[in-house]
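Below are the chains, spelled out letter by letter.
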Amino acid sequence: MNQRTSVDLRNRSIAAFLSFLVPGLGQIYQGRTAKGVIFFVSVATLFVLGMALGDWSIVYWRWVNPLKSLEKFYGWYLLQLPAGLLALPGLIQATLAEYGMDPILWGWQAEPSQDQINSLYPRLGKLVEMGTIYTEIAGMLNVLVIFDAWDGPAYTSDTGRAAASVAATAPQAVEASPTNSAAVSAEPIANPGV
Amino acid sequence: MFSSIHIYFYVIPLVAAISLVYSGTRHESTTRILVQAARLFGVILGVLAASTAALLLVNAWV
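So the protein lines, in turn, are chains D and V. This note's numbering runs 158 ahead of the 1-based position in the first sequence. This note's numbering runs 516 ahead of the 1-based position in the second sequence.
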């Protein structure tokens with residue numbers, strides 16, 4: 159039970175990991191189904207739409223040392239990767255290619271050929287950048303989703319006040335609430351005479 | 517398919533997703549999430565529209 163928000167987060171590590179794999183899955187695991195669906199629809203739609211804008215060729219990774227050849231380093235993927243399973247095939251394909259193995263999943267998110275990359279901008283123009291931004295923002299939004307699975311919402315649902323400020327201004331009230339009885343009994347009272 | 521859409525309209529799904537996820541991380545109640553997301557969506561689009569209008573105005577002047 160989250161002391162600040164009265165939300166049962168179950169095993170928060172598992173929830174956060176599930177939300178990393180599939181946006182919103184951690185919330186569904188915690189029983190916050192509607193919220194999980196909202197997260198999944200938002201992040202997955204944005205990511206897939208971004209990939210479609212970039213002709214399915216803008217999410218990939220290549221193992222390159224940026225200190226040695228910065229021009230070949232595809233850093234955008236680092237922002238796409240937090241989208242979890244939506245972007246993880248790119249990492250797997252790059253690792254397979256690094257070891258000289260054939261791509262799997264019909265080459266899904268495998269690094270496109272240089273000719274294919276060069277043809278993207280003449281064919282699609284700004285849509286390539288727009289698609290890249292979509293997928294990057296989707297990845298960054300999933301960081302928020304993961305954090306929500308880990309720590310619950312920022313505000314208490316009944317008052318709308320910032321949970322952190324509630325806990326800071328009235329710690330006794332938070333600890334004494336009936337929904338946090340487990341937390342109260344687990345922590346000994348430091349100074350019962352006061 | 518996508519090239520026929522004006523580039524400005526591509527901001528709409530982006531702002532919608534940002535509003536929904538941000539509001540989702542703030543609140544727990546679904547109703548409150550949706551209301552807050554709709555409000556945030558309007559504010560972001562309003563700010564973007566106003567700044568775009570200002571830039572277009574300046575551009576037309578110069």
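If you're looking for bench data, these hints aren't it; they were derived computationally from the structure. Glycine is no exception: its CB is placed at the ideal position from the N, C-alpha and C atoms. Some clues are possibly wrong.
Said to hold, decoys possible - Derived Cβ-Cβ restraints for the label pairs, each shown as a range:
no.: 1; chain 1: D; residue 1: 226; chain 2: V; residue 2: 571; range: 36 to 44 angstroms
no.: 2; chain 1: V; residue 1: 576; chain 2: D; residue 2: 223; range: 43 to 51 angstroms
no.: 3; chain 1: V; residue 1: 572; chain 2: D; residue 2: 298; range: 26 to 34 angstroms
no.: 4; chain 1: V; residue 1: 520; chain 2: D; residue 2: 233; range: 27 to 35 angstroms
no.: 5; chain 1: D; residue 1: 172; chain 2: V; residue 2: 574; range: 47 to 55 angstroms
no.: 6; chain 1: D; residue 1: 222; chain 2: V; residue 2: 529; range: 29 to 37 angstroms
no.: 7; chain 1: V; residue 1: 525; chain 2: D; residue 2: 266; range: 24 to 32 angstroms
no.: 8; chain 1: V; residue 1: 551; chain 2: D; residue 2: 172; range: 25 to 33 angstroms
no.: 9; chain 1: D; residue 1: 259; chain 2: V; residue 2: 559; range: 45 to 53 angstroms
no.: 10; chain 1: D; residue 1: 266; chain 2: V; residue 2: 561; range: 31 to 39 angstroms
What the hints assert, rightly or not - Just some of the chain D residues that point at chain V, by a computed CB distance under 7 angstroms:
no.: 11; residue: 193
no.: 12; residue: 196
no.: 13; residue: 204
no.: 14; residue: 211
no.: 15; residue: 288
no.: 16; residue: 312
Results for each hint:
1. The hint said 36 to 44 angstroms for the Cβ distance between residue 226(D) and residue 571(V), and at roughly 40 angstroms that hint holds.
2. Between residue 576(V) and residue 223(D) the Cβ separation comes to about 48 angstroms, which falls inside the hinted range of 43 to 51 angstroms.
3. Between residue 572(V) and residue 298(D) the CB atoms are about 29 angstroms apart, so this pair conforms to the stated range of 26 to 34 angstroms.
4. Between residue 520(V) and residue 233(D) the Cβ separation comes to about 31 angstroms, which falls inside the hinted range of 27 to 35 angstroms.
5. Hint check: residue 172(D) to residue 574(V), Cβ distance near 52 angstroms, so the stated range 47 to 55 angstroms holds.
6. Between residue 222(D) and residue 529(V) the beta carbons are some 31 angstroms apart, a value that agrees with the proposed interval 29 to 37 angstroms.
7. Between residue 525(V) and residue 266(D) the beta carbon distance is about 28 angstroms. The supplied range of 24 to 32 angstroms therefore holds.
8. Under the hint 25 to 33 angstroms, the C-beta atoms of residue 551(V) and residue 172(D), about 31 angstroms apart, fit the expected range.
9. Taken as a hint, the range 45 to 53 angstroms holds for the pair residue 259(D) and residue 559(V), whose Cβ atoms sit roughly 49 angstroms apart.
10. One distance hint, 31 to 39 angstroms for the beta-carbon pair residue 266(D) and residue 561(V), holds here, with the actual separation near 34 angstroms.
11. The beta carbon of residue 193(D) comes within 6 angstroms of a beta carbon in chain V, closer than 7 angstroms, and the hint placing it at the interface holds.
12. Interface hint status for residue 196(D): upheld, as the beta-carbon distance to the closest one in chain V is roughly 5 angstroms, under 7 angstroms.
13. Taking 7 angstroms as the C-beta cut-off, the interface hint given for residue 204(D) holds, the closest approach to chain V being about 4 angstroms.
14. For residue 211(D), the shortest C-beta to C-beta distance to chain V is roughly 6 angstroms, which falls under 7 angstroms, so the interface hint holds.
15. The interface hint given for residue 288(D) is met, as the beta carbon of that residue sits about 5 angstroms from the closest beta carbon of chain V, less than 7 angstroms.
16. Taking 7 angstroms as the C-beta cut-off, the interface hint given for residue 312(D) holds, the closest approach to chain V being about 5 angstroms.
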